[in-house]
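Novice: Add chain B to chain A, keeping to what the hints say.
These protein sequence lines are chains A and B, in that order. Mapped onto our numbering, the consecutive letters of the first sequence carry residue numbers 1 to 293. Mapped onto our numbering, the consecutive letters of the second sequence carry residue numbers 1 to 372.
FYI, nobody ran anything at the bench for these hints, they're computed from the structure. Model, not experiment: these values are computed from the prediction. Here a beta-carbon is modelled for each residue, glycine too, at the ideal position from N, C-alpha and C. Please note: incorrect hints may appear among the correct ones.
[Stated by the list, open to error] Only pairs whose alpha carbons sit at most 20 angstroms apart, straight line, appear in this in silico SDA-like list of lysine to any residue:
(1) B:K131 <-> A:I35
(2) B:K131 <-> A:L206
(3) B:K251 <-> B:D279
[Unchecked claim] Across the chosen pairs, the derived CB separations fall in these ranges:
(4) B:V17 <-> A:I87: 34 to 42 angstroms
(5) B:A167 <-> A:A78: 41 to 49 angstroms
(6) A:S196 <-> B:D29: 26 to 34 angstroms
(7) B:K168 <-> A:L206: 37 to 45 angstroms
(8) A:L206 <-> B:A302: 52 to 60 angstroms
(9) A:I173 <-> B:R347: 53 to 61 angstroms
(10) A:S31 <-> B:E129: 43 to 51 angstroms
(11) B:P38 <-> A:A103: 26 to 34 angstroms
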Amino acid sequence: MKRVQFSSPYLPYLFLAPQMAIIFVFFYWPSVQAIQSSFYLEDPFGFGSTFVGLSNYSDALGSVQYQSIARFTVVFTALVTFLSLGIGMLLAVKADAVLKGSAAYKTLLIWVYAIAPPVAGLMGMMFFDQHIGPLVKFAALFGWDMKVGLNYNDTAIAMIIVSVWKQIPYNFIFILSGLQSIPASVREAAAIDCRSGTRRFWTMTLPLLAPTAFFLLVINMTYALFDTFGVIDVMVKDKAANNPITLVYKVYMDGFRGNDLGGSSAQSVILMIVVFVLTIFQFRFIERRVHYN
Amino acid sequence: MAAISIKDVSKVYNGGVTAVSAVSIDIADGEFIVLVGPSGCGKSTLLRMVAGLETISEGEVTIGARVVNEIDPADRDIAMVFQNYALYPHMTVYENLAYGLKNRRTPKTEIDARVAEAARMLELQPYLERKPRALSGGQRQRVAMGRAIVRKPSAFLFDEPLSNLDAKLRVSMRGEIKRLQRRVGTTSIYVTHDQLEAMTLADRLVVLSGGRIEQIGRPLDVYHRPATTFVASFIGSPAMNLADGEVHGGKLALGPALIDLGPTVPTQGAVTVGLRAEDLRLHPEGKGSLPFRVDYVEELGAQRLVHGLVGDQLLVAAVSSENPLPETVSLSITPSRLHFFDRASGRRIDWPGEDRPETLAAGLPVLEAAAS
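If we strip away everything but chain A, and leave its shape as in the complex, we get:
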């Protein structure tokens, strides 16, 4: 580590100040607010609040609806993370092996990333539209009558497909650059030492990609938990209540549609704890097996 000498001991704090201010205003302050209001029952019209202790938490955790949404969130997060990482990696490995016209090919794959989440949700809705959606028609070929927005499972599948589709380019970019940072001579040495391309991938490429993959694992989980909000919002908005939603969407529904600020705060604190624990777990148990160069 390089030591930098400052002329004044306050100078480094001055440099840090803007970043700290942003973190404080947009992260710590709302977090403290959320924790505080999670112990109160707020009047919907803002005429005061009553201290209720932990009952917001017990209400949320005890509710059958909350539990089923939590279960869906787990399944949703696991599937979105696994599929978008897996497909992104497959595409990156294949694109990396393309020799002719690779630039055009890569650009086409990265392009999707430029689409904003609500637009992706909207496009996804069109793909799954009851009347004009090509994917619904495709499903109909196999005798599957897809009813996105009405049928719980169909909506869940559509939601997962759109979320995965949106995240693949992001993973693709990172994994591709990770692949290209593996020295050519190491790959060549492996080509001489090991005939099977598949085996080379598992014993050579994947371990050397591990730092990238670990970073993406954290990012993708956060994406699936929080950033899919836009996709979900477009897909279930104004639809019957029997639709799959994730915990983040429920926080929004309860807080801003149901005006239950206390309950919604309690839920977001629970989410915060879940993410906190997950992140610690990842750094403790997965990062240990990651080899950094």
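Specialist: Here is chain B on its own, set in the frame of chain A:
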């Protein structure tokens, strides 16, 4: 172990750039061949074609009895040592050595035995459990060599393996590679741009330039009878002096001087004359046949290199640094030590009057070259 035959091999890249053109080399079983040339001469490309890391545009590469043009690198029964070692960073030294064997389904006991043997030969035993990043450059290079040795392949391919090491380590590793190759007796192709490395390691040298072979021969043969002006200027340090001269009758005109060539002459008319720096002798002015204006002197310790001009031609003379350097000097050379090259084509002109030292070192085992 196997002989390798490279027959009329060419490499043409997309876009029509020819990196190697119609190169043929026959390498005997157990021979140590060094491909040497300046960067961009196609030596690495040629090696990579033998390894299977580059496709072969034209011609045929045979290892042992098999034509390997269409065979996968892993199935060619070769092992390669790379310039930047190319160790697997996530594996320990042991795993690095064992990786190639494991993938070939070698039994565990056999792997252990071979790794132990290689580790002993290369003095790597204390480091077997370490990762490459915890090793020094020299140790990494040893691991890279160990990875080649454990495989017991038909051929070793070395791609400038010493260029990343510092000068001192390079000299000791050079010796180590030579001894190791003698010991295991595996056919080797070694690529380098360093002519000194090439001279010291090779059973036979292949000098390449612009994708073509300039000369194939034993190091001292190449040194004493360079086939072209390119080889003359590339092999040897300092490089051979090349000067423009003219032969008229029995005399060579070199700048203002006339050298008597004796009864036989190589040719008549304009020639390129080659003079090895160590064949030139320094005399006080008037004693030698070539008047010499000293430009500057490089002191190398045992030797001193005197740079100067004969007429308008730049020459370097290597002289012992024990004798004091006179103020004004002249040079002389034994006419039989002169090299003659065709002025236009740069090809060597052999002549009966030349006299070269015996090229075989007495008493030392030197591999006889196969038919070239």
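Novice: When the structure is checked against the list of hints, which entries are broken? Sort them ascending.
Specialist: Structure breaks hints 1, 5.
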